[in-house]
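S.K.: Chains as they are written, first to last, in the numbering used here: chain A, 6 to 277; chain B, 2 to 355.
You may find that some hints are simply not true.
[To be verified] Distance condition first, Cα-Cα at most 30 Å in a straight line; then the derived DSSO-like pairs of lysine-lysine: (1) B/347 with A/40; (2) A/40 with B/201; (3) A/90 with A/169; (4) B/167 with A/226; (5) A/226 with B/201; (6) A/169 with A/191; (7) B/351 with B/201; (8) B/167 with B/147; (9) A/226 with B/256; (10) B/210 with B/147; (11) A/226 with B/147; (12) A/185 with A/169; (13) A/226 with B/347; (14) A/172 with A/90; (15) A/226 with B/148; (16) B/335 with A/226; (17) B/270 with A/40; (18) B/351 with A/226; (19) B/148 with B/210; (20) B/335 with B/287.
Calculated from the structure, these hints are not laboratory results.
Next come the chains, spelled out residue by residue.
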Amino acid sequence: MIIANKKWASPFIIWIIIGTIIPILSIVYYGMTSKDGGVTFANLGAIFSHDNLQALELSLLLALVSTIICLLIAFPMAMILKDSKYGKQGFLIFVFILPMWMNFLLRTMAWQVLLERNGVINSILTAVGLPRQAIMNTPGAIILGMVYDFLPFMILPIYNVVSKIDKHLLEAAYDLGANKITVFTKVIIPLSVPGIVSGITMVFIPALTTFVISNMLGGGKINLIGNIIEQEFTVNSNWYLGSGLSLVMMVFIIISMLLLNKFDKTGGASLV
Amino acid sequence: MIKKHSLKLAMLLSLAMVSMIALSSCRSGVNGEIYIYCYGDYYDQEIIEEFEDETGIGVVQDSYDTAEELYTLLSNSNTSYDCICTSDYMIGKMIEEGMLSEIDFENVPAIKNIDPLIMEKSNEFDPGNKYSVPYQIGVAGIAYNKKMVGNTVIDSWDDLWNPKFKDQIVMPDSVRDAMMIGLMKNGYSLNTTNEAEIAKAAADLTEQKPLVYKYANDAARDLLADGSAAVGVIWNGEYQYTTDLNDDVEFIVPKEGTEFFIDSWAIPKNVANKEGAEAWLNFLCKKKVALTNFDYLYYTTPNLAAKNALDEDILNDESIFPTDETLKRCYSLKTLDSDTMAIYSKYWKKVKAK
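The whole structure should be built from the sequences, with the hints applied where relevant.
M.R.: This is the structure we're talking about:
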């Protein structure tokens, strides 16, 4: 049986080689070589240049803010969904996932149309005599885009964990004299940590590396580290520097995942 | 038995996967298909059908945003296109690096329709006119919404630094086009290799950043048309589109001079269907095709035969056909060596990061 399993694994091994190992090796290769072919660490060290560091700081900040906002929205929502009649039937959760059926670029582009100075939202605001919003092309617009695009990735894992919490545990806690707050902080939250951790990973990492959202909603005025890497590949045709910076980002992501895993005692589950 | 079966199936699966990957990189249609690569929305789709009917050659279209993207793709991968359309300086760079193949003009008799003056201008980046066929020409200028601008006179690049237009200016989002504005404003050449001049231009662009609503390429015209921006830098060919949507928008060529471009078609070195590509080039030079494209794009056409067929009032429209006096103030971008380009990139990155 074990032998048969190995044979079955072969397509997936090929898939992993083509889809993961070769790309990572080529990033490492480009990241560690200079334009004239020699081995160098300059591409990795470039992260410490003023411009890149600034972009990295901004990316970390925006990713952190949008992850926190997502968490603050998603956790209560998961709790509500768990207890509601519709939540149990999966209808509400379906409604939240529905936008994910649409392409993420289109959804971001839709925000562009909505938020633009003479866009849909402002036309409505002016029509009813309210002051106009000026969120387009600011960091606020990027955070809005990130929260909108990544929120389902926070809701789903948390909802999954919360809805599977054994009712008897809560009843036992009440029987032992715990009040609602104690039950929430001592039973529900500790039990939902795996979901929270995996939600944070799934929101924080794409938010940290995005360049599409900042491009479309930042008006080209706000450079995140993802934009800098993208520019190196597309405009400056400097694959070496772009790969070097990508490698540094990978290290950042690995560190943040290790940190998160410390909280998740069940282990492994959050490694997406 | 079961083991044997599963082994076969496993092998079959992996084979299917490998062949899927192999196939997807393979080109379909052995005879009569050309792959073209061009700036987005840069010809009337009608002409594709017309070409296919006329020659029986299928056209597979692909598009890109900036010339740098095209360069990165063609120089770093094995992707092969039969015909590409890109800007003057990029053609020059690709000729220098041996990335283009010579066109057999025997197969492109319609080249005689192209304005000799433009052929001469394109000599600057394509010596001897061996590698490229001029397609569209244009000048960069300032478009402004006369209602939003009020009685401020717009006639110079300096007007893009007017604090009155805070958060209402659209600037190009590409290194050379944006730096051109900073350089021309200071009276420098748009092809300068002097780092101090580049630094000055970048410093000015950084200073201007708080006034900028958005750095955009193709979206600039839409922002001007819907009134989200008051002033913006666009190509003269985009003006017709903008004014059709919003007739408050005016177009001028700044007095300091501006960038002038010739976009040309060329055939890459690793062409698969050269005959088809040349048939395409010849087709593009035809009068009726140039006219169809002109009606669609409203860029200055280098096609004399088509130009002669146009109405007097279009010929006299200076936003479509700039006068010789204006053209004298226009300079085309030249290919820069990679060290200078790195300086430009470095300073542009600083502007964007600020």
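S.K.: Run the distance test for residue 210 of chain B versus residue 147 of chain B: straight-line Cα separation, threshold 30 Å.
M.R.: Given that 30 Å is the threshold and the Cα spacing comes to 22 Å, the pair holds.
S.K.: Between residue 270 of chain B and residue 40 of chain A, does the CA-CA distance stay at or below 30 Å?
M.R.: 23 Å, holds
S.K.: Going straight from one Cα to the other, do residue 90 of chain A and residue 169 of chain A come out at no more than 30 Å?
M.R.: 15 Å, holds
S.K.: Just to be careful, I want the Cα atoms of residue 226 of chain A and residue 347 of chain B compared with a cutoff of 30 Å; is the pair within it?
M.R.: 16 Å, holds
S.K.: Take a quick look at whether residue 351 of chain B and residue 226 of chain A sit within 30 Å of each other, Cα to Cα.
M.R.: 11 Å, holds
S.K.: Do the alpha carbons of residue 226 of chain A and residue 201 of chain B lie within 30 Å of each other, as the hint requires?
M.R.: With a Cα-Cα distance of about 20 Å, the restraint between residue 226 of chain A and residue 201 of chain B holds, given a limit of 30 Å.
S.K.: Does the alpha-carbon distance linking residue 148 of chain B and residue 210 of chain B stay inside the 30 Å limit?
M.R.: Since the Cα atoms of residue 148 of chain B and residue 210 of chain B sit roughly 23 Å apart, the hinted pair holds (cutoff 30 Å).
S.K.: Between the alpha carbons of residue 226 of chain A and residue 147 of chain B, is the straight-line distance 30 Å or under?
M.R.: 26 Å, holds
S.K.: Tell me if the straight-line CA distance from residue 351 of chain B to residue 201 of chain B falls inside 30 Å.
M.R.: With a Cα-Cα distance of about 12 Å, the restraint between residue 351 of chain B and residue 201 of chain B holds, given a limit of 30 Å.
S.K.: Are residue 347 of chain B and residue 40 of chain A close enough, with their CA atoms no more than 30 Å apart?
M.R.: 16 Å, holds
S.K.: Going straight from one Cα to the other, do residue 226 of chain A and residue 256 of chain B come out at no more than 30 Å?
M.R.: Cα-Cα ~28 Å, so holds.
S.K.: Going straight from one Cα to the other, do residue 167 of chain B and residue 147 of chain B come out at no more than 30 Å?
M.R.: 16 Å, holds
Comparing the model with each earlier hint shows no violations; every hint is respected.
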